[in-house]
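As you go down the protein sequences, you meet chains A and B in turn.
For the first sequence, position 35 matches number 35 in the numbering used here, and the numbering has no gaps at all.
For the second sequence, position 254 matches number 254 in the numbering used here, and the numbering has no gaps at all.
Derived by calculation from the structure, the hints in this document are not laboratory data.
Everything numeric in this text was worked out from a predicted model, so none of it was measured.
Glycine included, every Cβ here is placed at the ideal spot set by N, Cα and C.
Errors might be hidden in some of the hints.
If the Cβ cut is set under 8 angstroms, some of the chain B residues that face chain A in the computed set are [said to hold, decoys possible]:
1. Pro36
2. Gly39
3. Val585
4. Gly590
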Amino acid sequence: MKQIFVRPDRCMACRSCETACAVQHSADKTLFSAVLQEPPPMKRLFVGAAEGIRMPVICRHCEDAPCLRACISGCLYRDDHGFVRRRKERCIGCWTCIMLCPFGVITRDSEKHIAVKCDRCHKLDIPACVNACPTRALVMAEPEEVAADRRQKALLAASGGD
Amino acid sequence: MSDQEKSTDSATLWAIGEARKAGIQTVWDRYQAQVPQCGFGETGLCCRHCLQGPCRIDPFGEGPRTGVCGANADVMVARGLSRAIAAGAASHGGHAKHLAHTLLKSAKGEAADYPLKDEAKLRAVAARTGIKTEGRDAREIAVDVAEKALREFSEKESPLAWAAATVTKGRVETFLKLGVAPVGIDSAVAESMHRTTYGVDADPVNILLGAVKCALADYAACHMATDIADILFGTPQPVVTRANLGVIKSDSINIALHGHNPLLSDIIVQVAGEQEMKDLAAAAGASGGINIVGVCCTGNEVMMRHRIPLATSSVSQETAIATGALDAMVVDYQCIMPALAGVAECYHTRLITTMQIAKIPDALHIEFSEAGARDCAKEIIRAAADAFGKRDPAKISIPDISSAAFAGFSAEAILSALSLLNRDDPLRPLTDNIASGSIYGVCLFAGCNNVKIAQDAGYTAMITELAKNNVLILATGCASGAFARHGFMTQEATEKYAGDGLKGVLTAVGQAAGLNGPLPLVLHMGSCVDNSRAADIAVAVADKLGVDLNMLPVVASAPEPVTEKAVAIGTWAVAAGLPTHLGIVPPVLGSRTVTEVLTSTAKELFGGYFIVETDPLKAAEKLISVLGERRRGLGLDS
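Chain B extracted, bound-state conformation:
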């Protein structure tokens, strides 16, 4: 595997070189050790759901055509996919539930470190979910919102409020008609596990519909996570920051926050800014003070709300340590490679785990609790300061590479920017420009970096094509990290890459917002749970136009997906009616039925469907052609 096949980012490549010199294995080495990977896994044709297995089906038809129980390729593949989605929903559910518990404690006065920071958002969420707000104190409302949120996890008699009240009426009707409206987040996960266990659901299409139900539970969890994070930490507004390894500073105590939930990361940022911690840094000899940097989605959370720079993202998480100047890497949960422990051992870096459900041997574990959040943050910063004194100067080598990046375009922020153009009807400038073709369509980029693709290659190739064709770009999660590293979240990128129509719109909004130029080419909407923010914008536009989501010229793309969470998000995007591109072939090709349902039948049922295309330029072409189809469907183009 040549370096060019590993990454297209110069800072990552630099760090790969440093790691190689130091004899340290990284994700790319481990991937190579796995190649060739098992074809049964790659096609979804293996099953380990019972102790009579493991079973495999021969994709070439010479060997077994069913598992021991008689499950054929269609059943095996559908069950595997369904379980992946359940795992994704369980992850986002865990994240959202954690926030909901904290909101309840906050409202009851049991979590002093978590004041209700955004009362307007609290009231908006309460109103949307049918909770009385008039004449009520914020704390009272917050108790109701938190309790309602927590009730969403078990099995209710009615569809999830966080799903049903946040999409179009047309979507709700479709979901009810197809029997895929979830009535509980955890209960949907449990149901998926039940129906895919030994001897339950053996109808591949029925299994897939169950998987869609679970994916919609994932959507509800994502939306709830966004809502409650905003209530507790503030709804993001645009900020300017920087991204890439160059944000690590040799004269500072560098602390990377990695994972997903803002519950601890936001507090660490708050505490790091206090005098006590500044004094601690000075005493440790760090003239630059404390420098907090982000990795992955919790990095996005603190980037949006506190302008914290992004050091790197998912696939390249180890590279931050390879600078030799990272004093602590603090992790919560999800996308944390266990390999970090081994890399950290080669340096002075303290790997600090913080969550009871996510420990790593050889890491320092400082357990987080809402009641003691600030104390936990202080202990972490002290551990980092202690590590700062143990740096090996010979190992320090930070690439002077970083890009400016605009971040923090929440749905609220986008609407308020648009309202500068039309105060009474903020969506009008957006819908008018879509109608005129100045905005040909919208593409939401989401997902990860996958070791199988040269890091960021999928994103950068696709965005230039789409932007040239006047497609408005939204991004979340590690997709936004990719764009940030390569300078696509800047005004200069708009000047350089946007087609004339798109450039005109972004410039009009940017000028009205006092930016003295256009909006950035990519509107950064947050972490992966914040895909819900993009859904909010799409729903508002659909409602405004009086059509359903499956008619809008809106598409989604995950050029480099990795996680089961990404599979869940992709599936709810399809159920929401969006044609959704995947740049990695998911493990489904072993079943023609499942492949056909995902890429074709889904279109008849939901309007959305998967487009699997590993060539990014062809993928961009396909998405542009789909947007054209949607535009013609709305009568916008002949």
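Same shape as in the complex, but just chain A:
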């Protein structure tokens, strides 16, 4: 099953993924309506930067998800695709999920008083953030492919190549 992977060296920090995410979670799903929407739609991933790196931080839909284990109200659940999603009506706003998410990608909807997180654009083949990335810093790939690629790079580095 393909997952979203980030290639930090490709990221321009243009935040197009953030914009596309918010648009995808807006009423009309078009940019020009979304920017006029009240309250504004919320994004589910976050472009950040640290020394020498910039990249979007995204929900990993962890196979052993701390947020899911922590959710006491039965809001968070794993769907048939393996995505960690919300039953919005069950959220009581205890924020335990926010406390336990290792990536900090669950946030608070201050209007609706519920937790907000990535739903992996479960209705789309390609998530909006991946589709919006102009530099393909965000890609869909099998974890095994990514691991193989990393091994190849490690071997090249060890051999003194690039």
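Chain A is already provided as a structure; the job is to place chain B on it using the hints.
Structure of chain B alone, referenced to chain A:
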């Protein structure tokens, strides 16, 4: 992107297919490679005006709400728009200045290839701009006109003559009251750059008023360009020609003239008709001789004055080369896609750049100068003849598609046609028919083709609706190219699409003009600088009725705009009092203040305002409703 999303024109679609077969990328492929485009750019929420940036403002309010300097969304969007208008004004200014320099050289006897062709126009322009004409030689007057024109570019003590003397008194008063009357064309551009640089104007409304001033400088430049082109090359009169890729001929040396300024293109047309060049074509084996075709606005210039057929226009410029039979594409400046070089490389076509400020790597550069214009034209034609011999017959495939097109309705030509109905009061037939409702209103179509819209779809959908409702249609620039390709610049189109009232008026004028039928459905007024011709007609009608432009049932529409020039023209149309439709959302929605000023506050200040509507049928409905509002305002309809 399906082909239907690329173009509605069968010749363009055919050429897209040819390019695909040959593995050549065109504008539509490059656009797809850009999608999705950056939302910050699309909403105007990015700023690169200083080295502390680039800055962006999060339109969703979670991220930064100001740039590093503290500029908020309103300031950022207003500054971006202002700079776009400045670039547009700089372009039209450059075009007009080039012509003014040539007029001066012509008058001083330093440019033998540029005689003063239209003395009546020269005298009319001189009289309008306060230059004495009585008892003076044309050359003397031309020196004064050229020097006065050139003085318009720097900062004067008084408003621009080419703006103030060509609009209604009411407009001038409004412009002075709001502080938007420009005193120099280049100085207005410079002022816009100054006030939008780091740490100057941070009041979004003040920035926008500055942008309007610059847009009015653009208007002056457009008007000056039209005036001087007419003086040097003749004021257009109606002609019949053809439009679309089928005007390229397999047995001829085909030379496409692309760009904007008639300075070189007109000379090439003149020279191509001479025996020396005919002999050259014969020697090269071109039995059809030399076939000059137009692209874009310089195509409009030579179409109006020399019946040169139009091959294609802005967005589809590459398709002319994909016929495999274009021997040279000669370009001056503006709207020339650098991609032409790559497409030309796949064929025998010589891409020839001619202007010092507009070179393209891999093109043949034959530099233009007024002193050597004819020599330059000859060298270009020789290069085309040479390329003709290198054609690859396997690559030649010209679609047999073209439409007849009436062109060349200058303000003078329209007035002289109307005078056939009423010699003493030529505007009377127009104003009477507007009053009676036979002409419900007037719509000026201007602007480009934008890759984001299936080529011409906006134009063709809107014109059928408007014409049915008796709206008189004027067109310039690539808008006229769209109408020409689809057969709307014909008498048949009037018969087919015009409402009864409009058909009656066009038929009466057409019969009086000896056309044995109506005028065409679209009156082609020229290139994009020639929007000034439409302004002249509107000003004459307003003066005749004793009202200001912001009361007339006249609207403008750019269904498929692309360039910064189009943004400048749209802005001066709004300042002139015209409700102005845009079929593409400009990069302003990131600021509610700017959006509101453009679409609503402008109405209170100028009477004109922007109507942004991407659905052409809804846009036509909105324009018809606006025309109705204006008619009721004049007491024409209850």
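Consistency of the hints with the structure:
1. Pro36: The hint holds - B/Pro36 has a Cβ within 8 angstroms of chain A, the shortest such distance being about 5 angstroms.
2. Gly39: holds, 4 angstroms
3. Val585: For B/Val585, the interface hint holds, since the closest Cβ of chain A sits about 6 angstroms away, which is under 8 angstroms.
4. Gly590: holds, 6 angstroms
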